[in-house]
Amino acid sequence: MKSKTSLFNKSLMKSDLKRFWWISSLYMLVLFFILPFNHLVAGPPGADKYRQEMFRRSLDLSSGQNELQILLIIVVPVLMAALLFKYLHTARSAAMMHGLPYARKTLYFNHGLSGLLLLVAPVLCNALVLMVLQSATFLKEYYSLGDIWTWAGYTLLFNTLFYGMGIFMGMFTGNAIAQIVFTYILQILPEGFHMLLSYNLRQLLFGYADTSFQGSFFNSLPLLVLLNGRLTPEYFGPGQIAGYLILAGLFFLCAYYVYKIRKLESSGDIVAFPFFRPVFKYGVTLCSMLLGGAYFAGISNGSFAVTVFGYLFCSFLGYCIAEILLQKSFRVWPAYKGYLAYTVLLVVLLVGIKTDFIGYQTRVPDLDQVEKVYLGNYFGNWTQVELEKGKEKAWESDQKEREYSTAYDRGAFFHGKENIENVIKLHRHFVEQRPDKKEGPYRYIIYTMKDGTHLIREYPMENNAKNAPFLQPIYESMEYKEARFPVLTQDLSQIKLVEIKDDRTPKRPLILTESGEIKEFTDLFRQEIRSASLPVLLSEKNIYTNIRITDQKGNIQYYQMPKEYRTLFQWLQTKGYYDQVMLLLNEVGYAELEKQNRGYEERAADGQALPKRVKIEDPKVIQELLELCENYRYDQEKEQIDVMFSIRGGTLSQFHGTINEGTPVSESLSAYLKRL
Numbered sequence: 001m002k003s004k005t006s007l008f009n010k011s012l013m014k015s016d017l018k019r020f021w022w023i024s025s026l027y028m029l030v031l032f033f034i035l036p037f038n039h040l041v042a043g044p045p046g047a048d049k050y051r052q053e054m055f056r057r058s059l060d061l062s063s064g065q066n067e068l069q070i071l072l073i074i075v076v077p078v079l080m081a082a083l084l085f086k087y088l089h090t091a092r093s094a095a096m097m098h099g100l101p102y103a104r105k106t107l108y109f110n111h112g113l114s115g116l117l118l119l120v121a122p123v124l125c126n127a128l129v130l131m132v133l134q135s136a137t138f139l140k141e142y143y144s145l146g147d148i149w150t151w152a153g154y155t156l157l158f159n160t161l162f163y164g165m166g167i168f169m170g171m172f173t174g175n176a177i178a179q180i181v182f183t184y185i186l187q188i189l190p191e192g193f194h195m196l197l198s199y200n201l202r203q204l205l206f207g208y209a210d211t212s213f214q215g216s217f218f219n220s221l222p223l224l225v226l227l228n229g230r231l232t233p234e235y236f237g238p239g240q241i242a243g244y245l246i247l248a249g250l251f252f253l254c255a256y257y258v259y260k261i262r263k264l265e266s267s268g269d270i271v272a273f274p275f276f277r278p279v280f281k282y283g284v285t286l287c288s289m290l291l292g293g294a295y296f297a298g299i300s301n302g303s304f305a306v307t308v309f310g311y312l313f314c315s316f317l318g319y320c321i322a323e324i325l326l327q328k329s330f331r332v333w334p335a336y337k338g339y340l341a342y343t344v345l346l347v348v349l350l351v352g353i354k355t356d357f358i359g360y361q362t363r364v365p366d367l368d369q370v371e372k373v374y375l376g377n378y379f380g381n382w383t384q385v386e387l388e389k390g391k392e393k394a395w396e397s398d399q400k401e402r403e404y405s406t407a408y409d410r411g412a413f414f415h416g417k418e419n420i421e422n423v424i425k426l427h428r429h430f431v432e433q434r435p436d437k438k439e440g441p442y443r444y445i446i447y448t449m450k451d452g453t454h455l456i457r458e459y460p461m462e463n464n465a466k467n468a469p470f471l472q473p474i475y476e477s478m479e480y481k482e483a484r485f486p487v488l489t490q491d492l493s494q495i496k497l498v499e500i501k502d503d504r505t506p507k508r509p510l511i512l513t514e515s516g517e518i519k520e521f522t523d524l525f526r527q528e529i530r531s532a533s534l535p536v537l538l539s540e541k542n543i544y545t546n547i548r549i550t551d552q553k554g555n556i557q558y559y560q561m562p563k564e565y566r567t568l569f570q571w572l573q574t575k576g577y578y579d580q581v582m583l584l585l586n587e588v589g590y591a592e593l594e595k596q597n598r599g600y601e602e603r604a605a606d607g608q609a610l611p612k613r614v615k616i617e618d619p620k621v622i623q624e625l626l627e628l629c630e631n632y633r634y635d636q637e638k639e640q641i642d643v644m645f646s647i648r649g650g651t652l653s654q655f656h657g658t659i660n661e662g663t664p665v666s667e668s669l670s671a672y673l674k675r676l
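Under UniProt numbering, read the sequence shown as residues 1 to 676, first letter to last.
No wet-lab data here; the hints were simulated from the structure.
All figures in this text were calculated on a predicted structure; none of them were measured in a lab.
Think of the CB as a built atom: it goes at the ideal place given N, C-alpha and C, for glycine as much as any other residue.
Be aware that a few hints might be false.
Straight-line distance between alpha carbons at most 27 Å, and here's what the computed DSSO-like set of lysine-lysine pairs gives [as the list claims (entries may be wrong)]: (1) 354 x 466; (2) 328 x 450; (3) 354 x 263; (4) 49 x 86; (5) 519 x 466.
Restraint-style ranges between C-beta atoms, simulated for each label pair [stated by the list, open to error]: (6) 141 x 509: 36 to 42 Å; (7) 533 x 661: 20 to 26 Å; (8) 44 x 153: 24 to 30 Å.
All chains should be modelled from the sequences, with the hints used to inform the complete structure.
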């Protein structure tokens, strides 16, 4: 007979507190040693700015230096939930607990409240200690009472949310370990499944573009908010806090209703409800398939046959593991029909993808259907325009009125009919001539259609002989150059100064402030940009000479100054500035060549000989190396040579570059390379 007493029961609460006080005490002690005790032992930082900053950031969970606190937030609430409802996981304990004269709602309420109190007490106790120390010691100089309560509030918020998740997931399983595992799976499943699905679609569908990776939903997942340091006003405001509180309440409420209908016989089962067993079984099968497919696609460079093998093998493995867990037996062969049905559906899906049944991979819009098109590496630039309507002008002015770098192609919007047609031709070229190697810089082609819809694709666009004829008219157009290089349309009277710096040398930068020199240099700079060819615009080579243009408002634009901009270097020589700012050949002591196979540490660990180095002191060869060096970009099919240049004098002692296999070199340099 169940008791008619109130929801709150003193005996149940007291029992839980007596059984699990040690977790709360241990949690409180660890927090005490991390924060108050650590602050006191460290003592006043004095003039040490690093230690001052450590004190300021000690209560900031997003600072990147509080990993242990974050680990406690992630682990302790889930462990507390598993221990308080552990009686659900064994038949004997469940029968005994439910045999007591208490209704299920009384049991649930008191167990849940006990755990919450055990989680809240350590945080509040440490917050009170911190308040006393803040008011009585030097700590008042580094954080305020508001900082303390902000820390306590965030800690309690996430503790409550993770605790609610742990209880909720515990109602769906009769196994303590499964409860803990399911709780973390719940938090990473949306992002993990999305990443696996997107990666696999990218391997199967040529041109597939993942357009949701920057979505606010994934950025708002509690575990990712903590791990990614997004507890700042910019990302985590009152709306998110209210949402988390509501979500925590829903977890507690839903867990109660599931608890009411849960059967006692489910104790010990990996899944407590029969109708969830197929969800678990095929969920494990699907995730195993996607994970295995991603692995086999990666090691086979996207081979369709190998990827399909990975799907079949790993899905079968996942299906068997799920059946073993559900049946608690290795005799799972009688369940083969379920996997057979799954395999048939998988084969139908793969055949449909391979034959492009819906025409996804071959779809190219007509010119008269397109209003504008975006071509570039950065999906975020496009979202600012299309997904945040009315911000196109703001985005365009943003290129001119902030600290902005034009060092690399960031993409551009094309409105002109000729350029839209050129992008369509480029798109059709990739559809008809699919590259064998899915390597090189990926770029988005995003059409805004006249009916308001969008067509989004992403392709590897290597600047090679096959692609250059289609890329050239687009990248050499003035529409693209004006979008990438704001200096082309910038008012010269608004330029305050121009700074030129060679990053290879410790020499001071050259600063132009006289209006006449600024005009001369900027006019030449504009001419070089207007005449710049595709290889210069998409060059992978190291460009160490940089230009920084600051306007009257203090906004800064960064540009690169490649060696092809000859008139700029001639201008520096004519003005007598060249030797003052640029690295001279006689300032390079020597160069060293080394093959980039594996690093020193890896070879030494294997007991192998360290990679051989070749020293070069010939000025002509050094000059050739300075001109040939490129940025490092991994290519498993090409051998790469690391080049280290040693600079005479100054604090900048060396810099590095890379030469790729097959790069045309002189006989003198070739002789050095053969010695490696």
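How the hints compare with the structure:
{"no.": "1", "hint": "354 x 466", "result": "holds (25 Å)"}
{"no.": "2", "hint": "328 x 450", "result": "violated (58 Å)"}
{"no.": "3", "hint": "354 x 263", "result": "violated (46 Å)"}
{"no.": "4", "hint": "49 x 86", "result": "violated (48 Å)"}
{"no.": "5", "hint": "519 x 466", "result": "violated (40 Å)"}
{"no.": "6", "hint": "141 x 509: 36 to 42 Å", "result": "holds (37 Å)"}
{"no.": "7", "hint": "533 x 661: 20 to 26 Å", "result": "holds (25 Å)"}
{"no.": "8", "hint": "44 x 153: 24 to 30 Å", "result": "holds (27 Å)"}
In the structure shown, a violation is registered for the earlier hints numbered 2, 3, 4 and 5, in ascending order.
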